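Top line first, the protein sequences correspond to chains C and A. Everything in the first sequence is counted per this note's numbering, starting at 157 for the first residue and increasing by one. Everything in the second sequence is counted per this note's numbering, starting at 157 for the first residue and increasing by one.
Simulated from the structure, these hints should not be mistaken for laboratory data. These numbers were taken from a predicted model, which means no experiment stands behind them. Where hints are given, some of them may not hold.
Unchecked claim - Pair by pair, the computed Cβ-Cβ distance ranges are: (1) A221/C - S182/A: 48 to 58 Å; (2) D200/C - H189/A: 47 to 57 Å; (3) D174/C - Q280/A: 45 to 55 Å; (4) M157/C - T168/A: 25 to 35 Å.
Stated by the list, open to error - Covered stretches of chain A, going by a simulated chain C footprint (3 or more residues, C-beta under 8 Å): (5) 246-252; (6) 305-315.
Here a beta-carbon is modelled for each residue, glycine too, at the ideal position from N, C-alpha and C.
Number of protein chains: 2
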Amino acid sequence: MRWVRFTTQGRTSYGSLDGTTVREISGAPWGTHEPTGKTYALNDVTLDVPVIPPTFYAAGINYAAHIREMAEKRGVQPVFPEKADIGYRANNALIAHDRDVVIPKDATEKINYEGELVVVIGKQAKHLSKADAMSCIFGYTIGNDVSERTWQRGDRTFWRGKNADTFKPMGPWIDTDVNLDAMQTIVRVNGREDLRFKTNDVIFDIPTYIEAMTRYLTLYPGDVIWMGTDGTSPDLRHGDVVEVELTGLGVLRNRFVRAT
Amino acid sequence: MRWVRFTTQGRTSYGSLDGTTVREISGAPWGTHEPTGKTYALNDVTLDVPVIPPTFYAAGINYAAHIREMAEKRGVQPVFPEKADIGYRANNALIAHDRDVVIPKDATEKINYEGELVVVIGKQAKHLSKADAMSCIFGYTIGNDVSERTWQRGDRTFWRGKNADTFKPMGPWIDTDVNLDAMQTIVRVNGREDLRFKTNDVIFDIPTYIEAMTRYLTLYPGDVIWMGTDGTSPDLRHGDVVEVELTGLGVLRNRFVRAT
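Make a model of the complete structure from these sequences and hints.
The structure is reproduced here in structure tokens:
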């Protein structure tokens, strides 16, 4: 089942997506809710970011080829993570499907995409074992962890390198039924396939992360965990359109424009 | 004026604090709101964290003595930040005044307090100059940036070293009228003064941070910026009670207990 968060006539709601029909509900899909009886055509509503997370988690480095290729670009030895230490991103940076990523005017040319699987939490959870870890998940969506590599490396934190406004496209919807083992991540730039990898070919899988995280922290409904990316991106330019497809789940598309 | 967020009879609201009388309002103090007419005695309500921020910012290192003393403890040269690169903390870790900080059972002995001034944003803001920076601030509260130093240094991120559940006490209220230039930060452990410094004796002041941040990101009402701490903490033990006082603003008190 697919769930969208959308705005129409100045009001933001959740709805289930049945083909191209949006069936509005009261509340959030992971909480108490009921159909309002209102339906809309998908084309007639504005899609919003599918959730504003209470806490925005990100695995960061979690794929071997990404680590090797990034190290090669920098002329250093690759360093693989030894354990599932989760990181963070910031809500100010979130934008929806089809909205523009705005590159700050003083950013360097090193603007990269990172196509990622996003886990959406549906139940409050602490002290989950790997065996039980998937029980707290509501569904999945798609993220693009846009990065300005010069700032990412030169600043003390990832604040503008990863979290400048518009740097975190997420959407278009949350899908509760996906086949993670069969899923491929495909990234297209201006319609041409640029990267493809097995989505689940991670260093630390979802149960490993959730077990490690919930040993020390409580996950809450609406929290998201971005699972990292493989491979590397070309430097993106003004006007480039990036599509991140997770097969069976959907396509997240955003145009990149440089601020003037 | 002081504002509290409180729960009574299972309902959470904001209210203004007039002596020890809480006057409930509808909505949030920085948004549209009106008095509900209900009043409570401060002792009869449960104080909550004064705001759940959309984004939880933290300056991290922002005082010279803290940097020098932390470097000395580690036997390394102090490194002072060259610019106002903001960092982040996580909402899961927030607890209110008078709630217990629970030290995870596998944490080392190196549990430290960090008493901090917290800026609470009241207006959406981007591209503010230093001269205009203070215009987006609603008020101020107190934070204790509890840290497990072994994890802080050994992990790839600050996830459990800084953001384990209960590691971010904040409160007890938001004060809109404070004298930052006269303010002192005083930390007491079990009633005995352990640390005192001028709150505003920072490396990068509030306008410098807000100008730098809003060049790349939008601040939203309810966002918080924790301004960092000076000095160093002793290693805290089971049963220790830590009070962070910001003179003229209030006292944030929390007991530390070790999970069994």
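Which numbered hints are broken by the structure, listed smallest first?
2 and 3
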